[in-house]
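Peer 1: Below, each chain spelled out in residue letters.
2 protein chains.
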Amino acid sequence: MSLLVQKFGGTSVADADRIRAVADHIERNLRAGDQVVAVVSAMGKTTDQLVRLADDVSSTQPRREVDMLLSAGERITMALLCMALADLGIAATSFTGSQAGIITDGAHTRAKIVEIKADRLRATLESGGVPVVAGFQGMSTDRDVTTLGRGGSDTTAVALAAALDADSCEIYTDVTGVFSTDPRIVPEARKLPRVSYEEMLEVAATGGRGLALRSVEFARNHHVPLHVRSSFTWEPGTLIVEEETIMEQAVVTAITHDESEAKVTVLGVPDQPGLAARLFRGLADRGISVDMIVQNTSTTGTTDISFTVPGDDLAASADVAESLVPSMGATGVETDDDVARVSLVGAGMKTHPGVTALTFETLANEGINIGMISTSPIRISCVVRSADAERAVRALHAAFELA
Amino acid sequence: MSLLVQKFGGTSVADADRIRAVADHIERNLRAGDQVVAVVSAMGKTTDQLVRLADDVSSTQPRREVDMLLSAGERITMALLCMALADLGIAATSFTGSQAGIITDGAHTRAKIVEIKADRLRATLESGGVPVVAGFQGMSTDRDVTTLGRGGSDTTAVALAAALDADSCEIYTDVTGVFSTDPRIVPEARKLPRVSYEEMLEVAATGGRGLALRSVEFARNHHVPLHVRSSFTWEPGTLIVEEETIMEQAVVTAITHDESEAKVTVLGVPDQPGLAARLFRGLADRGISVDMIVQNTSTTGTTDISFTVPGDDLAASADVAESLVPSMGATGVETDDDVARVSLVGAGMKTHPGVTALTFETLANEGINIGMISTSPIRISCVVRSADAERAVRALHAAFELA
Numbered sequence: 000m001s002l003l004v005q006k007f008g009g010t011s012v013a014d015a016d017r018i019r020a021v022a023d024h025i026e027r028n029l030r031a032g033d034q035v036v037a038v039v040s041a042m043g044k045t046t047d048q049l050v051r052l053a054d055d056v057s058s059t060q061p062r063r064e065v066d067m068l069l070s071a072g073e074r075i076t077m078a079l080l081c082m083a084l085a086d087l088g089i090a091a092t093s094f095t096g097s098q099a100g101i102i103t104d105g106a107h108t109r110a111k112i113v114e115i116k117a118d119r120l121r122a123t124l125e126s127g128g129v130p131v132v133a134g135f136q137g138m139s140t141d142r143d144v145t146t147l148g149r150g151g152s153d154t155t156a157v158a159l160a161a162a163l164d165a166d167s168c169e170i171y172t173d174v175t176g177v178f179s180t181d182p183r184i185v186p187e188a189r190k191l192p193r194v195s196y197e198e199m200l201e202v203a204a205t206g207g208r209g210l211a212l213r214s215v216e217f218a219r220n221h222h223v224p225l226h227v228r229s230s231f232t233w234e235p236g237t238l239i240v241e242e243e244t245i246m247e248q249a250v251v252t253a254i255t256h257d258e259s260e261a262k263v264t265v266l267g268v269p270d271q272p273g274l275a276a277r278l279f280r281g282l283a284d285r286g287i288s289v290d291m292i293v294q295n296t297s298t299t300g301t302t303d304i305s306f307t308v309p310g311d312d313l314a315a316s317a318d319v320a321e322s323l324v325p326s327m328g329a330t331g332v333e334t335d336d337d338v339a340r341v342s343l344v345g346a347g348m349k350t351h352p353g354v355t356a357l358t359f360e361t362l363a364n365e366g367i368n369i370g371m372i373s374t375s376p377i378r379i380s381c382v383v384r385s386a387d388a389e390r391a392v393r394a395l396h397a398a399f400e401l402a
Numbered sequence: 000m001s002l003l004v005q006k007f008g009g010t011s012v013a014d015a016d017r018i019r020a021v022a023d024h025i026e027r028n029l030r031a032g033d034q035v036v037a038v039v040s041a042m043g044k045t046t047d048q049l050v051r052l053a054d055d056v057s058s059t060q061p062r063r064e065v066d067m068l069l070s071a072g073e074r075i076t077m078a079l080l081c082m083a084l085a086d087l088g089i090a091a092t093s094f095t096g097s098q099a100g101i102i103t104d105g106a107h108t109r110a111k112i113v114e115i116k117a118d119r120l121r122a123t124l125e126s127g128g129v130p131v132v133a134g135f136q137g138m139s140t141d142r143d144v145t146t147l148g149r150g151g152s153d154t155t156a157v158a159l160a161a162a163l164d165a166d167s168c169e170i171y172t173d174v175t176g177v178f179s180t181d182p183r184i185v186p187e188a189r190k191l192p193r194v195s196y197e198e199m200l201e202v203a204a205t206g207g208r209g210l211a212l213r214s215v216e217f218a219r220n221h222h223v224p225l226h227v228r229s230s231f232t233w234e235p236g237t238l239i240v241e242e243e244t245i246m247e248q249a250v251v252t253a254i255t256h257d258e259s260e261a262k263v264t265v266l267g268v269p270d271q272p273g274l275a276a277r278l279f280r281g282l283a284d285r286g287i288s289v290d291m292i293v294q295n296t297s298t299t300g301t302t303d304i305s306f307t308v309p310g311d312d313l314a315a316s317a318d319v320a321e322s323l324v325p326s327m328g329a330t331g332v333e334t335d336d337d338v339a340r341v342s343l344v345g346a347g348m349k350t351h352p353g354v355t356a357l358t359f360e361t362l363a364n365e366g367i368n369i370g371m372i373s374t375s376p377i378r379i380s381c382v383v384r385s386a387d388a389e390r391a392v393r394a395l396h397a398a399f400e401l402a
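These protein sequence lines are chains A and B, in that order. The numbering of the first sequence is numbering that gives the first Met the number 0, which starts it at 0 and goes up by one. The numbering of the second sequence is numbering that gives the first Met the number 0, which starts it at 0 and goes up by one.
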């Protein structure tokens, strides 16, 4: 008998038919002798609709009330799933974040889980029932409703799996697993049977689909085995596990790309210590996450500093940079949102030199110019023109024989 | 400075514009120096949509989950209203039934309020803020989400007004008050400035619009002054108050009608004690509320027993009656859903004989046959053919000079 935490995303519960299909799947697991805790997102486009309503009503949107509003979505799904399970004779009980004992800090719209008091869920499991828990939401220590931000339902599922010491946390979505690259760009892309937490972190951070970065971190830190799979085909998907359990480590596991990046360059910065620090402190104070940074070595006494940010933060980043130009003694700011980041991820890179060389050769053969480069022990990322991104992905996927 | 509990029904918060109009109204009250607690229903047709979703998903629909589902509607409204108030610079805080301390029994879909722990609401008022509370919902002593059933939001508002010792409970709706009769039938119908609790109880029980019966009972028992008024015109509406505060009591205050009634007749019941009791016990055990009962005096040793029930309960009522025919020794059952009830309500009736006589004369002059009659000290109800109902209302409204 295994204890499974199964998370069903918005497309998996988009309508009455899909909710009944989820109930059928849970029934199959119970008949096989397993215990199931279900975690659900809001149905399909519900959250988008609620966001639009808020935009129609208000320009200020206090975050406490945004959380109250958005948390309505999961309540609807979980009640409906419990009803569908009841039709199959299964005693299911829905739990809000608060009722499930998911205690968070008070940072509305991006709360962090601080504790899970899972007594009610355990009692339901012990009585043979199926707890159905609202993803994405919790209750702050001040008894206010909070939400966990992007990828919050995945985080709920992983956190519950850790708290309940579950055997597996299954993330059901509309793709059949994690792929060697985006199958919409490379039809020969291969579904990966196993990926290490570290690789999955790099994949999630660089634009790969399947899992929210934060839930992967949580799973790695708490040793929760993850399984990304499809609620449309129900076939086995991709396991995300400890690196040492993967027998043979591929040099390159996956190619990802992210077209939402934008680039900012501060021109003619005097070559004095502390000026770059002032720039990146200014960006951090505005809550902007900088991805890559390149500073050319200076020979003329001045240098250009380039960095990339999420496209949504481009305007704010340019503001910060412009405002610092006078005090930095720089000459100007250029922005470019016509860039994309292409990344290669693979745990085997650590022990295989030559990946960088083959990457550069491949892109050069395609006539693709590399604007910026950054690396981690298991990742190489290159910034290229947006128009070149898909061609770069196809060429690298072929060069590293990932099909 | 007055403390006002203001309840806004579904049509009053149907879209973004109406929610902003409600926020403007609350701001006017605050500027006039009053304190406001807002109670909101689900937007427009939200509850109907949720009920339809549940019907699409499930045939069993456990009532605990129905409550979880339906309680999502008010969360959306209250968060949006708080946002609209924030745009006006007003510190508003939303509270679910649970957060507002509305403790109920565990009777899902028709829970009764057992206690209100209004500490958080009081703290919000003391800090100068506006609490915005979800109507219709509470939390059971087992920490489950419950709903209060039909008219539940009115009940929430009245119960909060009682708990907070408010100066007035204002029920905002899509009519401008309580009328001498339905203005859609009698254009000369007059808005009543004041009505006693007892009269309003009879009006609500016999098909009059404006307030749920249960909330009027609660208001009467806890001496909460009610004010039924429009959120479209914001003009003063109808006050519902203690009878002794109304200076001159009209003989007849209002004419109501209800076309949803249906009639069941059990034919040829032997004239023995206990047979009627068996019939009405059977109906009560099925949860059917019987309205009027007529049993003809027997001269032949058998009698016909007729009773009226809500139209929705006709099939179940006929079932019960049919099943008892053999053991009662009756000869058969007839049903008729082509009937309507027309009622005259007025506290002055108690001291003015002759109302019944004028009622009968008026209907006789119109050639309208009265099928059944029932009375209370301040009400006369007549069952007539559905086709005659509107004509009866018009004739009685004119005869008692209510225009």
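Everything labelled a hint here was simulated from the structure, so no lab data went into it. Some hints could be false.
As the list claims (entries may be wrong) - Taking beta-carbon pairs under 10 Å as the criterion, some of the chain B residues facing chain A (in silico): (1) Arg-19; (2) Asp-66; (3) Arg-109; (4) Val-113; (5) Ile-115; (6) Arg-142; (7) Glu-243; (8) Leu-357; (9) Glu-360; (10) Thr-361.
The structure displayed is predicted, hence computed values, not measured ones. Cβ coordinates follow ideal geometry from the N, Cα and C atoms, glycine included.
Peer 1: Hint by hint, say whether it matches the structure.
Peer 2: Taking the hints in turn, this is what the structure says about them:
1. Arg-19: holds (7 Å)
2. Asp-66: Hint holds; Asp-66(B) Cβ to chain A Cβ min 8 Å, cut 10 Å.
3. Arg-109: violated (17 Å)
4. Val-113: violated (20 Å)
5. Ile-115: It is violated, given that the least Cβ distance between Ile-115(B) and chain A is near 16 Å, above 10 Å.
6. Arg-142: Cβ of Arg-142(B) sits 7 Å from chain A, so the hint holds.
7. Glu-243: Because about 43 Å separates Glu-243(B) from the closest Cβ in chain A, which is outside the 10 Å limit, the hint is violated.
8. Leu-357: Given a least distance of 53 Å, the restraint on Leu-357(B) is violated.
9. Glu-360: violated (55 Å)
10. Thr-361: violated (51 Å)
This entry does not satisfy hints 3, 4, 5, 7, 8, 9, 10, going by the numbered hints stated previously.
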